[in-house]
Amino acid sequence: MWSLEMLEGSLGMSFPSTNSWPICTDKVNKIRTRCRTRANHSEGIKLLSVLAPTDAGGNPSEARNFSGSSSAPRRHTLPNPLLGRGDAVGIIGGSSVLSTLVFLEKLVLWSSKGGEKSVPFVVCSDPALNKHLSLCSPFHSSRGRNVRTELNEEAAVENLRRKRAFLEDAGAGCVVMPCHLCHVWHEEVSKGCDLPFLHVAECLARELKRANLKPLEAGSDVRIGLLGTNAVLMSGFYQEQLQRQGFEVVLPDKATMDHIYIPAVEALHRKDIEGAQNLLRVAIQVLLIRAANTVVLASDELQGLLPRDDPLWKKSIDPMDALARSAVEWAKSKGKKRHNQGEA
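With the UniProt record's numbering applied, the sequence shown corresponds to residues 1 to 344, in that order.
Keep in mind the hints are simulated off the structure, nothing from the lab. Even for Gly, the Cβ is constructed at its ideal location relative to N, Cα and C. It is possible that some hints are incorrect.
Unchecked claim - Estimated spans, in silico, between C-beta atoms of each pair:
1. Gly114 - Arg290: 31 to 41 Å
2. Asp310 - Ala255: 20 to 30 Å
3. Asp221 - Asp310: 40 to 50 Å
4. Ala211 - Ala128: 17 to 27 Å
5. Lys314 - His259: 32 to 42 Å
6. Ala128 - Asn278: 30 to 40 Å
7. Ala218 - Asp272: 36 to 46 Å
8. Glu266 - Gln243: 28 to 38 Å
9. Lys332 - Asp194: 16 to 26 Å
10. Pro311 - Ala128: 32 to 42 Å
As the list claims (entries may be wrong) - In silico lysine-lysine, DSBU-like type, Cα no more than 30 Å apart, as pairs:
11. Lys117 - Lys271
12. Lys314 - Lys209
13. Lys113 - Lys314
14. Lys336 - Lys113
15. Lys336 - Lys117
16. Lys117 - Lys214
17. Lys214 - Lys334
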């Protein structure tokens, strides 16, 4: 049985100026608080838009016959696609309900700026994906291990590709994955996809390039700090895309990860918000001292942790904002083109 829930009403939030990097701190904190009061994030929470029926393994039931992540998932075209306009954003939910909910809010906020209607979207999300991501927690220290092996690549890619196939069949016009860790396999998941499959690091790097940042030290490139789990940092996809745009990437050293970043997340899980905030401030400051213009927080856990008026918050960036803006830009461009063709 398909479940369709429509997003109604406005969220009543104001937008920051276009010269700042926005983050819906208050909303994120409220969502995080609600979710963390539950023993299991998947209980009692339903995502807006479409939820795919899944089998016991967390895979959309329409794609159960897919076997092997190296070949294209079998398409099961729906007799009546839920969305047929071609400008809907297809969203593969991340390893947590929280990160998916936060991204949906970003998508709605950015697309409804100026009183416009939100872009159409369809979501395929199931927290069962989490069981395939053995390193989804940031508590692991750097040990030089093979990230792809530890993350159970085959199972994760198969799960994500099934969800991608569902979104294609549902009528999505482009696909996004609002999960830093899932982007480790973006190339594998997007292989054979006929739709634009936006990459969070590419979207971020393009926005930073357009910002025309100036080096803080004469004779050097613009430096971008990067904080995230060891799995994300070791995969290197953020570094690759930022370097393609001419940026120098500043990474935390092992001591910073082991004694500052990871303890910050541990403190957050203990509900020691003040302790987590102080440690995060130190981690950001460590990178800024190395002449980084700004710090990318490639971590769902730490988003919205600092108060909005905190100077260090203003020096950090949530990459998912760039992904949401790019998805909105694509959808509105597609919708405008469709409208013009209809008028012609």
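Hints versus structure:
1. Between Gly114 and Arg290 the Cβ separation comes to about 38 Å, which falls inside the hinted range of 31 to 41 Å.
2. Separated by about 24 Å at the C-beta atoms, Asp310 and Ala255 satisfy the suggested range of 20 to 30 Å.
3. Checked against the hint of 40 to 50 Å, the pair Asp221 and Asp310 fails, with Cβ atoms roughly 27 Å apart.
4. Checking the proposed 17 to 27 Å range against Ala211 and Ala128 shows it is violated: the Cβ atoms sit about 38 Å from each other.
5. The hinted range of 32 to 42 Å is not satisfied by Lys314 and His259, whose Cβ atoms lie roughly 25 Å apart.
6. At about 35 Å, the beta-carbon gap between Ala128 and Asn278 stays in the expected band of 30 to 40 Å.
7. Look at Ala218 against Asp272: about 41 Å separates their beta carbons, and that is inside 36 to 46 Å.
8. Roughly 31 Å separates the CB atoms of Glu266 and Gln243, a value that falls within the hinted 28 to 38 Å.
9. Here the CB-CB span from Lys332 to Asp194 is close to 21 Å, well matched to the stated 16 to 26 Å.
10. Checked against the hint of 32 to 42 Å, the pair Pro311 and Ala128 passes, with Cβ atoms roughly 40 Å apart.
11. In summary, the hint linking Lys117 to Lys271 is not supported, as the alpha carbons are separated by about 37 Å, beyond the 30 Å threshold.
12. In summary, the hint linking Lys314 to Lys209 is supported, as the alpha carbons are separated by about 18 Å, within the 30 Å threshold.
13. Among the hinted pairs, Lys113 with Lys314 is consistent with the structure: their alpha-carbon atoms are about 21 Å apart, no more than 30 Å.
14. Restraint check for Lys336 and Lys113: the C-alpha separation of about 16 Å stays at or below 30 Å, so the hint holds.
15. Distance check on the hinted pair: Lys336 and Lys117 sit about 13 Å apart at the alpha-carbon level, within 30 Å; holds.
16. A distance of roughly 36 Å separates the Cα atoms of Lys117 and Lys214; the hinted pair therefore is violated under the 30 Å criterion.
17. Straight-line distance between C-alpha atoms of Lys214 and Lys334 comes to about 33 Å, which puts the hinted pair past the 30 Å bound.
Violated hints, in rising order: 3, 4, 5, 11, 16 and 17; the structure is consistent with all others.
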